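Engineer: Work out the full structure, taking the sequences as your base and the hints as a guide.
Note that the protein sequences, when read in sequence, are chains A and B. Numbered per numbering that gives the first Met the number 0, the first sequence spans residues 0 to 360. Numbered per numbering that gives the first Met the number 0, the second sequence spans residues 0 to 263.
No wet-lab data here; the hints were simulated from the structure. From a predicted model like this one, the values you see are computed outputs, not experimental measurements. One thing to keep in mind: the hints can contain errors.
[As the list claims (entries may be wrong)] Computed cross-link-like contacts, SDA-like style, restricted to lysine to any residue with a CA-CA straight-line distance of at most 20 Å: (1) LYS80(A) - GLY94(B); (2) LYS102(A) - GLY236(B); (3) LYS338(A) - ALA198(A); (4) LYS134(A) - GLY3(B).
[Claimed, not checked] To be clear about the criterion: a stretch of chain B counts as covered by chain A if any three or more of its residues have a C-beta under 8 Å from a C-beta of chain A, and this derived list gives those stretches: (5) 79-86; (6) 99-107; (7) 200-213.
[What the hints assert, rightly or not] Using C-beta positions, here's what the derived DEER-type ranges look like: (8) ALA2(B) - GLY90(A): 23 to 31 Å; (9) MET179(B) - GLY163(A): 29 to 37 Å; (10) LEU182(B) - ASN64(A): 34 to 42 Å; (11) VAL210(B) - ASN64(A): 37 to 45 Å; (12) GLY139(A) - SER107(B): 51 to 59 Å; (13) ASP96(A) - GLY236(B): 30 to 38 Å; (14) GLY47(A) - PHE150(B): 57 to 65 Å; (15) GLY3(B) - GLY139(A): 18 to 26 Å; (16) LYS95(A) - MET179(B): 39 to 47 Å; (17) ALA126(B) - ASP41(A): 49 to 57 Å; (18) PRO24(B) - GLU208(A): 44 to 52 Å; (19) PHE186(B) - GLU136(A): 24 to 32 Å; (20) PRO266(A) - SER262(B): 48 to 56 Å; (21) ASP192(A) - PRO24(B): 55 to 63 Å.
Glycine included, C-beta positions come from ideal geometry on N, C-alpha and C.
Next come the chains, spelled out residue by residue.
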Amino acid sequence: MTAQASTSVSKSRSASIASPRLTAEGDAIIHVENLVKVYDPDIRAVDGISFEVRRGEIFGFLGPNGAGKTTTIKVITTLIKKTSGTAIVDGIDVDKDPAGIRKIIGYAAQEVGIDDELTGRENLRLQCALYHLPKEERDGRISEMLKAIDLEEAADRRAGTYSGGMRKRLDLAMALIPHPKVLFLDEPTTGLDPQNRAAVWDYLRGLNEQGMTIFLTTQYMEEADRLADRLCIIDHGHIMAEGTPASLKGSIGADVVTLSFKENGTPNPNAAAKAALARIHGIREIQEVDGGIAIYAQDAPALIQQIVLALNDAHLDIAELTLTHPTLDDVFMKYTGRKMRTEEVTPQRRTPWGARRRRPM
Amino acid sequence: MSAGDFAGEVGSIAGRWIKKTLRRPPFLFFSLVQPVVWFVLFTAAFASIANINGFKESTGTSSYLVFFSGAVIIQTVLASAMQSGVGFVTDMESGFLDKLKVAPIRRSSILLGKLLSDGARILLQTAVILILAFALGVGIATGLLGLVLLFAIALGFGIAWSGISTFIALTTRNSESTLMISLLTTFPLLFLSTAVMPKPLLQDNVRAIAVYNPITYIADGLHGLIITPGLDWPVVGFAFLIIGAVGFVTLSATTTMFRRAVST
Numbered sequence: 000m001t002a003q004a005s006t007s008v009s010k011s012r013s014a015s016i017a018s019p020r021l022t023a024e025g026d027a028i029i030h031v032e033n034l035v036k037v038y039d040p041d042i043r044a045v046d047g048i049s050f051e052v053r054r055g056e057i058f059g060f061l062g063p064n065g066a067g068k069t070t071t072i073k074v075i076t077t078l079i080k081k082t083s084g085t086a087i088v089d090g091i092d093v094d095k096d097p098a099g100i101r102k103i104i105g106y107a108a109q110e111v112g113i114d115d116e117l118t119g120r121e122n123l124r125l126q127c128a129l130y131h132l133p134k135e136e137r138d139g140r141i142s143e144m145l146k147a148i149d150l151e152e153a154a155d156r157r158a159g160t161y162s163g164g165m166r167k168r169l170d171l172a173m174a175l176i177p178h179p180k181v182l183f184l185d186e187p188t189t190g191l192d193p194q195n196r197a198a199v200w201d202y203l204r205g206l207n208e209q210g211m212t213i214f215l216t217t218q219y220m221e222e223a224d225r226l227a228d229r230l231c232i233i234d235h236g237h238i239m240a241e242g243t244p245a246s247l248k249g250s251i252g253a254d255v256v257t258l259s260f261k262e263n264g265t266p267n268p269n270a271a272a273k274a275a276l277a278r279i280h281g282i283r284e285i286q287e288v289d290g291g292i293a294i295y296a297q298d299a300p301a302l303i304q305q306i307v308l309a310l311n312d313a314h315l316d317i318a319e320l321t322l323t324h325p326t327l328d329d330v331f332m333k334y335t336g337r338k339m340r341t342e343e344v345t346p347q348r349r350t351p352w353g354a355r356r357r358r359p360m
Numbered sequence: 000m001s002a003g004d005f006a007g008e009v010g011s012i013a014g015r016w017i018k019k020t021l022r023r024p025p026f027l028f029f030s031l032v033q034p035v036v037w038f039v040l041f042t043a044a045f046a047s048i049a050n051i052n053g054f055k056e057s058t059g060t061s062s063y064l065v066f067f068s069g070a071v072i073i074q075t076v077l078a079s080a081m082q083s084g085v086g087f088v089t090d091m092e093s094g095f096l097d098k099l100k101v102a103p104i105r106r107s108s109i110l111l112g113k114l115l116s117d118g119a120r121i122l123l124q125t126a127v128i129l130i131l132a133f134a135l136g137v138g139i140a141t142g143l144l145g146l147v148l149l150f151a152i153a154l155g156f157g158i159a160w161s162g163i164s165t166f167i168a169l170t171t172r173n174s175e176s177t178l179m180i181s182l183l184t185t186f187p188l189l190f191l192s193t194a195v196m197p198k199p200l201l202q203d204n205v206r207a208i209a210v211y212n213p214i215t216y217i218a219d220g221l222h223g224l225i226i227t228p229g230l231d232w233p234v235v236g237f238a239f240l241i242i243g244a245v246g247f248v249t250l251s252a253t254t255t256m257f258r259r260a261v262s263t
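Structural biologist: Structure below.
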């Protein structure tokens, strides 16, 4: 207790010494207000979102494919123009000085943007040149990065021969070459196996401990939960909830029982179930979600028997029943009414003849 | 940003493309094998064209091989330039263009670096053909200055035509379309010109078209440099004029499409 107290005292003291500006602690390095991006003809990919990322934190954007995560990141990293709203990075407005923002950020896209015909080392060397690193620093920086991402052995092989995990790591190293103030990662671990994923998490945590602000998007609950200091849940271009993983889970404040029903001739089983369960004491809320219902209750295990009996009386056949302590999955479900689908969607690489690719440029 | 930075960016981007090109088997095929095939096949099949009345009078040589050397340069440069755009499509699809766009570089260095590398590739290919032609006994009648001018024409013509395929690539954003349009245009342009057949020997209707085909004037320039001793400045000058005009149009169009592709 005493030790803890003294640490916190010394910490706040050192913070006030190190940062003379009052706002320096916990101030926003990214400020986004009312951001809207409409693609032709009328797709509102991002529909009026506002959030702030604080200096030195890992900030997560959690949502399914098509939620607007990539669009948001592309606006902030100056890759696409917004329709309206404000986006400011480290005091620089994306409209006024996009070149200024490019100097202080690193960005790794969801699709790995490395050159397969060059070796890993050549990719990094090109990146050094594009970011105008002093010539005498380049070789050192490249070796440092190759070591950090464990690619020393493969460094002089063409990137086209790399495994998915190696490519993703090389891409991350590319983004880190310029020592960015803010690192933007669009789904940094999508497509990686659990081992590689854990390695990337560790590495990112290390970077963050050295003071780098990281903005990442993910469709993995676990990633958001483990990595992000704060996160936004985003769906259909809207921010549905915002907070630390703990506070978001805490906002549910209850266990969750999810149920789905077999087709047995009962019309509208969800509504029938809601009616049947209404009498049970201790249920805080029942929500219809896709595929079934979600029941929120303080002590759900004690209610399971009553729930099953009540549903039986109502002639409903249970197809699936799960009981969980709150997870970010439940948070997502609570705020969007949908389960989060994490299945991979193959990006469309080919288009019919002459057709313009839909991908935002 | 200093001028040195800019030169560094353009150089790095050009260097990337040159490295990529040299590592690609099709490039080696097109630049080495294809000219050989052209030389061997065409000069074997059409050697007797040189015996036709009026060939020597209109071309200045009695060897079809010597006349045909210019056509091989044009064909190779044309085919090579028509593929220039494909690289941009690949970069758009792979996400590498985004990597370049998010880097603190001038956007124009992306296009300039690419064109520079296209130029370097075309010079290399032209050199290969000339070495081959020398080995087969073809000389450059206009000497060293003629040789320099010949490289200059190949380079200018190549970059002007690279502009066409780059424009198509940036417009369609599709590599198949870019390649198909290129293939469809290369051969008609070549055969409806004076590249493979001297003007007086062309069919009347073909000659009527050839007069409007810019390739004709490039071909006349190259033929003149290879065959006729003493520089025929009006012919060479006209070739450069055509290159300038075509280049202005194609590179303006390319720049416009490029700006659109990288605008933020």
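Engineer: With reference to the structure, classify each hint as holding or not holding.
Structural biologist: Consistency of the hints with the structure:
{"no.": "1", "hint": "LYS80(A) - GLY94(B)", "verdict": "holds (17 Å)"}
{"no.": "2", "hint": "LYS102(A) - GLY236(B)", "verdict": "violated (46 Å)"}
{"no.": "3", "hint": "LYS338(A) - ALA198(A)", "verdict": "violated (28 Å)"}
{"no.": "4", "hint": "LYS134(A) - GLY3(B)", "verdict": "holds (12 Å)"}
{"no.": "5", "hint": "79-86", "verdict": "violated (count 0)"}
{"no.": "6", "hint": "99-107", "verdict": "holds (count 6)"}
{"no.": "7", "hint": "200-213", "verdict": "violated (count 0)"}
{"no.": "8", "hint": "ALA2(B) - GLY90(A): 23 to 31 Å", "verdict": "holds (28 Å)"}
{"no.": "9", "hint": "MET179(B) - GLY163(A): 29 to 37 Å", "verdict": "holds (32 Å)"}
{"no.": "10", "hint": "LEU182(B) - ASN64(A): 34 to 42 Å", "verdict": "holds (37 Å)"}
{"no.": "11", "hint": "VAL210(B) - ASN64(A): 37 to 45 Å", "verdict": "violated (57 Å)"}
{"no.": "12", "hint": "GLY139(A) - SER107(B): 51 to 59 Å", "verdict": "violated (30 Å)"}
{"no.": "13", "hint": "ASP96(A) - GLY236(B): 30 to 38 Å", "verdict": "violated (47 Å)"}
{"no.": "14", "hint": "GLY47(A) - PHE150(B): 57 to 65 Å", "verdict": "holds (58 Å)"}
{"no.": "15", "hint": "GLY3(B) - GLY139(A): 18 to 26 Å", "verdict": "holds (21 Å)"}
{"no.": "16", "hint": "LYS95(A) - MET179(B): 39 to 47 Å", "verdict": "holds (43 Å)"}
{"no.": "17", "hint": "ALA126(B) - ASP41(A): 49 to 57 Å", "verdict": "holds (54 Å)"}
{"no.": "18", "hint": "PRO24(B) - GLU208(A): 44 to 52 Å", "verdict": "holds (46 Å)"}
{"no.": "19", "hint": "PHE186(B) - GLU136(A): 24 to 32 Å", "verdict": "violated (51 Å)"}
{"no.": "20", "hint": "PRO266(A) - SER262(B): 48 to 56 Å", "verdict": "holds (54 Å)"}
{"no.": "21", "hint": "ASP192(A) - PRO24(B): 55 to 63 Å", "verdict": "violated (32 Å)"}
Checked against the numbered hints above, the structure violates hints 2, 3, 5, 7, 11, 12, 13, 19 and 21; every other hint is satisfied.
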